[in-house]
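For chain P, the structure is supplied; the task is to place chain D on it using the hints.
Here the protein sequences come in this chain order: P and D.
Quick note: the first sequence uses our numbering, first residue 1, plus one each step.
Quick note: the second sequence uses our numbering, first residue 1, plus one each step.
It should be emphasised that the hints constitute simulated quantities derived from the structure, not laboratory data.
Note that the structure is a prediction, hence the values are computed from the model and not measured.
Ideal Cβ placement from N, Cα and C applies to all residues, glycine included.
Just so you know, nobody snuck in bad clues.
Each computed DSS-like pair below joins lysine-lysine, with the alpha-carbon atoms no more than 30 Å apart:
(1) P:171 x D:167
(2) D:35 x D:79
(3) D:11 x D:64
(4) D:142 x P:171
(5) D:120 x P:168
(6) P:171 x D:117
(7) D:242 x D:213
(8) D:167 x P:194
(9) D:33 x D:167
(10) D:35 x D:64
(11) P:171 x D:129
(12) D:35 x D:191
(13) D:213 x D:165
(14) P:194 x D:64
(15) D:165 x P:168
(16) P:171 x D:165
(17) D:165 x D:79
(18) P:194 x D:165
(19) D:129 x P:168
(20) D:196 x D:233
(21) D:129 x D:196
(22) D:120 x P:194
(23) P:194 x D:79
(24) P:171 x D:120
(25) D:79 x P:171
(26) P:194 x D:67
(27) D:138 x D:213
(28) D:138 x P:171
(29) D:196 x P:171
(30) D:30 x D:79
(31) D:117 x D:79
(32) D:33 x D:11
(33) D:117 x P:168
(34) D:196 x D:167
(35) P:194 x D:117
(36) P:168 x D:142
(37) P:168 x D:138
Label-pair ranges, simulated between beta-carbon atoms:
(38) P:165 x D:246: 50 to 60 Å
(39) P:85 x D:231: 46 to 56 Å
(40) P:97 x D:44: 21 to 31 Å
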Amino acid sequence: MVDELLFFMEVLVGGLLAGTMYSLVALGFVLIFKASATFNFSQGAMVFFSVLAFCGFMQDFNIPFVLAFILAAFLMVVVGLCTERFVLRPLMNASEDTVLMATIGLGYVLEGLAQAAWGVEVRRLDLGIGDFPVPWIADNLKLFISALDITAGLVAAIMIIGLFLLFKYTKIGLGLRAVADDAGAASSIGIPLKHIMLLVWSAAGVVALVAGCMWGARAGVQFALVDLALKALPVLIIGGFSSIPGAIIGGLIIGAVEKVLEVYIGPFFGGAIEGWAPYVLAIFFLLYRPEGLFGEKIIRRV
Amino acid sequence: MSTSTNILDIKNIEVMYDNVILALHDVSLKVPKGKVVALLGANGAGKSTTLKAVSTMLASERGKVTKGSIDYDGTSIDKQNPSQMVGLGMVQVLEGRRCFGHLTVEENIISGAYSRKLSKGDINQELEKIYTYFIRLKERRKSQAAFTSGGEQQMIAVARAMMAKPKMLLLDEPTMGLAPQLVAEIFNIVKELNQKEGVSILLAEQNTNVALKNSDYGYIIETGRVMLDGTAKSLLSNDQVKELYLGISKKGRKNFRDVLKEESLTKKKIN
Chain P
1 MVDELLFFME VLVGGLLAGT MYSLVALGFV LIFKASATFN FSQGAMVFFS VLAFCGFMQD
61 FNIPFVLAFI LAAFLMVVVG LCTERFVLRP LMNASEDTVL MATIGLGYVL EGLAQAAWGV
121 EVRRLDLGIG DFPVPWIADN LKLFISALDI TAGLVAAIMI IGLFLLFKYT KIGLGLRAVA
181 DDAGAASSIG IPLKHIMLLV WSAAGVVALV AGCMWGARAG VQFALVDLAL KALPVLIIGG
241 FSSIPGAIIG GLIIGAVEKV LEVYIGPFFG GAIEGWAPYV LAIFFLLYRP EGLFGEKIIR
301 RV
Chain D
1 MSTSTNILDI KNIEVMYDNV ILALHDVSLK VPKGKVVALL GANGAGKSTT LKAVSTMLAS
61 ERGKVTKGSI DYDGTSIDKQ NPSQMVGLGM VQVLEGRRCF GHLTVEENII SGAYSRKLSK
121 GDINQELEKI YTYFIRLKER RKSQAAFTSG GEQQMIAVAR AMMAKPKMLL LDEPTMGLAP
181 QLVAEIFNIV KELNQKEGVS ILLAEQNTNV ALKNSDYGYI IETGRVMLDG TAKSLLSNDQ
241 VKELYLGISK KGRKNFRDVL KEESLTKKKI N
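In isolation and in its complexed conformation, chain P is listed as follows (with noise of 0.2 Å):
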């Protein structure tokens, strides 16, 4: 009896941490969605991006790991500046599903320019903490947990209280609430655009870049990256699009709920539900709860 309960405590945890990497990706798309009501569908591909050009510059450079993060991470930060100007301002005016299908064909951009630049081989990623459980907990509590598992916890952690205080308390956080809120409304009163979107999608860039790192150190940093992403679609519908602690939270769900799924009841599906149980969680959540968990409602006065 201990021991199930043990068991399924294992799975449960483990299911609940993996989950903090789907976090991690979810956090990309909200942040754009946030400012310009769009999903980014080239999310996917910034990960992959930023996490080879990080990969390249240690491996083929040999240039140091701290050094590497901060190049690629500032390399973000230019393909940040560089949608902007390039995609962004000259769609300005279009309608949203315009934006939508340019962050598509941007996605290919990104996909083709990180394959030209780095080659398209599988790349290991070593961040020097092992995908293996930590002796410590293994010892004293009888639990399996990957100390990757972890980090990754702890990484979704700090970014979210970093985000959360950015745009709680700065002055560029308030902008970019203002511009989520009432774009057209914003510029009337002199809060620019285009500052707010080349900080969301800077923004965007660093944290596709930290979620590449943890997937690519798990997975290998490879093409299967860019539909990886695609897994936070699930998460952001139970989330809701536009709320930072609803990707978190939604991530955990579906971490958690896969992994328990996949373990108690995949046998008699022949397993490998973990695949779909996420997307029927998300059509429950799209005929129940459209919004989310953490959506922002559309409040209107009566």
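Below, chain D without anything else, positioned relative to chain P:
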């Protein structure tokens, strides 16, 4: 009026949307420094379009000034964008209040100071000054803007614009949908801002009577053309204005459509 005393000088502008829809045919108007000028007319007459042409917000609605010129404070606004205009001291309060619903009342007001480089202390000082005009907002400073009343939202919108320290305010139908008492309250505040802060004001309104009573000068536009202009006093006593916009007539009640028919003999209609 010599040009140097006019903070805003619009000369014969024509405005098109989407390169095909002609919204303004020929609008000229002047706002003297420190005065309140009312821009009056019915729905679709071109009031909002005129204001947006001035604040350069037209571009975001695919509109363009195709003829004529707009000078603000002695220089052309040709190459400006909305945030540059705010920097130059021209702020528009958009029609329909447009508060940031998810932000608190205070955050809404502070956001108006975005274009200015102020320290936290300066912002608080400015905020206190603004609250002296909008006492009601101080009580509600912590509530979410979307849950405040229509009158309060209008006050938020004006207070927010005032945080940018404007030399000139463009108010687009500030009394839309408000009870008469609130209309009076809003206009009192507008008058006070004009007199104490020296802000010049261009005011688009459908509420002709109240607007003229609180302005120095008035322009009446119809289908994208200025039909009539004069001092507020002269317009209030003008028979045509009385008949068409104030609903007062010497000859007893007259059908609005009849009046329009008479007018249409001399004026072309768009649309």
